[in-house]
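J.: For reference, the chains in residue letters:
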Amino acid sequence: MLHLALLLAAPVANPDVVVIRADHLFLGHGEPIENGALVITDGKITAAGAAVKAPEGAVVIEHKGWATPGLFGAVTMDGIGSERRDNTRPLMPEARIVHSLRPHAAALAQNLRAGVTTITINPDTGRPCTGASALVKTHGPAVVDPELQLCFDISYGAVKSDEHPTSLASLQELLDEKLAGGAGSFGRAAAGELPVLIRARDRQSIRSASALAKTHGLRGALFGSFWAEGLVDEIEGSGLGVICDPVGIAANKRAMRSILALSERGVKVGFGLVTPANSPLNMRVGAAMCVKAGLDPNIALAAMTGAAAEISGAGDHAGVLAVGRDADFVLWSGSPIELSSSLEEVWVDGQRVHGGDDE
Amino acid sequence: MRKFSTRNPFALSALMACAWCPAMAASSGDTVVIHAGEVIVRPGEVVKDVDVLVIDGVIRRVEAGIEVPEDARELSGEVVCAGLIDPWSALGVHPIEAEFSSPSPATRTADSLDPFGQEFQKKQALASGVTAVRVQASRRALVSGLSSVVSLGSTGGEDLMASEEAALSASVGLTNPSSGGSSFAMGRNGRGLPSGGFTVTETGPTPMDPFERIGQVDKIASLLASGISYRITQNKYVEERKEWEEAIAEKVKKLEKDFKKAKKDRDKEIEEAKEDGKEFKEEKYKEDKPPKAPKFDADKEALARAANGEIPLVVEVHRTAEIRNLLQATEGFGRLRMVIAGGTEAGAFAEQLAERNISVIVNPGPQGSGAYDEFDGYDVTLAGVLAEAGVDVLIGTGGQASGATRDLALLAAMAVGGGMETEDAFAAITSGPASIFDLSDRGTVEFGKQADLLILDGQPLSTTTSVKAVLVGGRVVVEPKE
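For the protein sequence lines, the chains are A and B, in the order given.
Positions 1294 to 1652 (the working numbering) are the ones given, in order, by the first sequence.
Positions 219 to 700 (the working numbering) are the ones given, in order, by the second sequence.
Bound conformation, chain A alone:
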């Protein structure tokens, strides 16, 4: 009866339009907006910012706390079980990990509950070129992009002793040749159409990856920040961003110092989720540890959202709250940089999919 009365009192009520007002609204980059609002129409964001007017009849939700884009989980091996690596060939540029995706994998839902709404699913490292990663929404799940980045590993561990290439030098030569050749996915990467993700586990491979990107005009990211301190010049010159190695409890100080050094020079950084070795919560731990070590909290927030998505080649689909984008966001009790903040609600495509009154 009460519901009916409300409906009658508001004849223009439009349940397809939802307005979220939050004390602090972080859009995925820049500074958080105080008393910001999001307007969501049919699952898409139609307005976002400080001076946003609620359309007539919209359902208005007041949130005491923070609203941020759904977290971006860069570099996961979620939902692919043991189908992580093909050891038979060094180069598999046309392989697509999306074919291994098991939609019911528990890890996807676990990400969602931690506020991670979009992930990249990557083939395991350990071989020079392992094909393309996929961009997947953890609710559903829904494949957003089946060929997101072309994945490389040019660290020492990717070279075998009994199969060409048997040295880092010949690996570099082989990749130079393929990227210059312009065929298939290599060609698309060299033309800047297909972003890359290059695993660089040590100083040597950071230098090689930077050179490779500079020579062939690759765009995308290095994956591996630990040894970046001292190589910031090379990385900056390559134009690549850096997906950071997870920074966990007890992490070596170098891990934080390197990330700080990169961000101070304006290199875009994103925190790697790197499952299954890490829990989805670990990304926030890493952000907190970097902030404790001196990283700007807004850069740390962007490294879990907008910046991470952008350097992963997913900038058009995830990580930011902007007009025309899917309304994928998280409501927190406080800043997600504070580990004492708790996740309250997760929304995907304008629908609440976790938390809130339902629980």
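It is worth saying that the hints were derived from the structure and are not from the lab.
Just so it is clear, the structure is predicted and the values come from calculations on it, not from any experiment.
Beta carbons: idealized from backbone N, C-alpha and C, even for Gly.
Worth double-checking, as some hints may not be accurate.
[Unchecked claim] Pair by pair, the computed Cβ-Cβ distance ranges are:
#: 1; chain 1: B; residue 1: V694; chain 2: A; residue 2: P1348; range: 53 to 63 Å
#: 2; chain 1: A; residue 1: L1461; chain 2: B; residue 2: F338; range: 27 to 37 Å
#: 3; chain 1: B; residue 1: T393; chain 2: A; residue 2: N1545; range: 45 to 55 Å
#: 4; chain 1: A; residue 1: D1379; chain 2: B; residue 2: E430; range: 33 to 43 Å
#: 5; chain 1: B; residue 1: E430; chain 2: A; residue 2: V1436; range: 37 to 47 Å
#: 6; chain 1: A; residue 1: K1546; chain 2: B; residue 2: D594; range: 40 to 50 Å
#: 7; chain 1: A; residue 1: R1406; chain 2: B; residue 2: R553; range: 50 to 60 Å
#: 8; chain 1: B; residue 1: V286; chain 2: A; residue 2: K1346; range: 50 to 60 Å
#: 9; chain 1: B; residue 1: A282; chain 2: A; residue 2: D1609; range: 50 to 60 Å
#: 10; chain 1: B; residue 1: G550; chain 2: A; residue 2: V1436; range: 50 to 60 Å
#: 11; chain 1: B; residue 1: D427; chain 2: A; residue 2: K1546; range: 32 to 42 Å
#: 12; chain 1: A; residue 1: D1609; chain 2: B; residue 2: T373; range: 52 to 62 Å
Given chain A's structure and the hints, the job is docking chain B onto it.
T.: Positioned in the frame of chain A, the structure of chain B alone reads:
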């Protein structure tokens, strides 16, 4: 959450007796006054705009407008609180000793500590506000021996140990990460233990099956029982010895009274024996034979102390079945002060743990799905669930990675994110560990306590807070940066 009680009121009252007087302060070189925007006196009790007076390493006053004594060093900051205590750390324990060696119950971690080891990690921990840690070597052994509480501000001297024997530690069901034959397994048959024949290699390098793990619970229970019977035997001896001494005294008294006659009789008997060409036989008294003292056994003594509640027993245990069995097996030990470490799946036992006054040291570090099976079901909400039910929850860094102690405050913050009250989480790394491990002079900012103090620019559990200065025993060990 239950309020932690002060177990040793004597330290406090003793200090009360020598209350501060200005004349004394003027002559003391080690006087510090901290002007604080707020002082977290103890968890949940905050006083605004006060000063803290420290003389000779002890907190003497916490009140507004303290007159600064001459020669006193003045410091100031927004928030002052007690130094953090990591109740489950590996800091200072050599990695080889940390995981698995062959300890016995009386093995003291204190003896394996290098006061100058891991200097870098200690500095980092101190700089982030941790002033004391409980450390335990050989965490994967069934019984790991006696743990120690180490003061991090120490210069390596007398003040290094806050408590040399803070608890007896044990573990149940820890699978070894280096399963399949590591160097740990070789020649590591432990010293034979009282219960007969088990060796520490049973917690060794290979993963155990569930029955083996449950068997470990029984072993811990029977070890405790052996400690108790050892103690009974010891006490019985003390009793018998006392009776014997009394009987002797009685006899001596009687003999002294009749001394002259007795001497005369004896002399006569000696004479007679001589005449007969026989050997004189001295009269035997049953009091001549003292009761036999039982053999001292350091291991059983350590077990007895734990079984009797003289020191806490910390048991690292994670899985449901093992926790259930441990709770059952220890039910009969009425004086046992048990502390569960880890307790990954302890949430289901919250009520029972609260009722039996068993505290839990939670390590809220997030685990990936690739974690060892003992961490299956790990959930960052555990600390909150237990505290909600009234369990005394401590938060520790897990006793594996010595670098983790630096991040203790972040772990406590994570527990808050998982549903624990901020106040409880702060208690879990300050007054809680002090209370559970009998460090009665630490853990709060109160009259008479040792001045282990932090000066912060924000709330202790916040990511954006930095530690401006640290005092240990009244000494500034982390200097404020100007």
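J.: Hint numbers the structure violates, sorted upward?
T.: 3, 6 and 7
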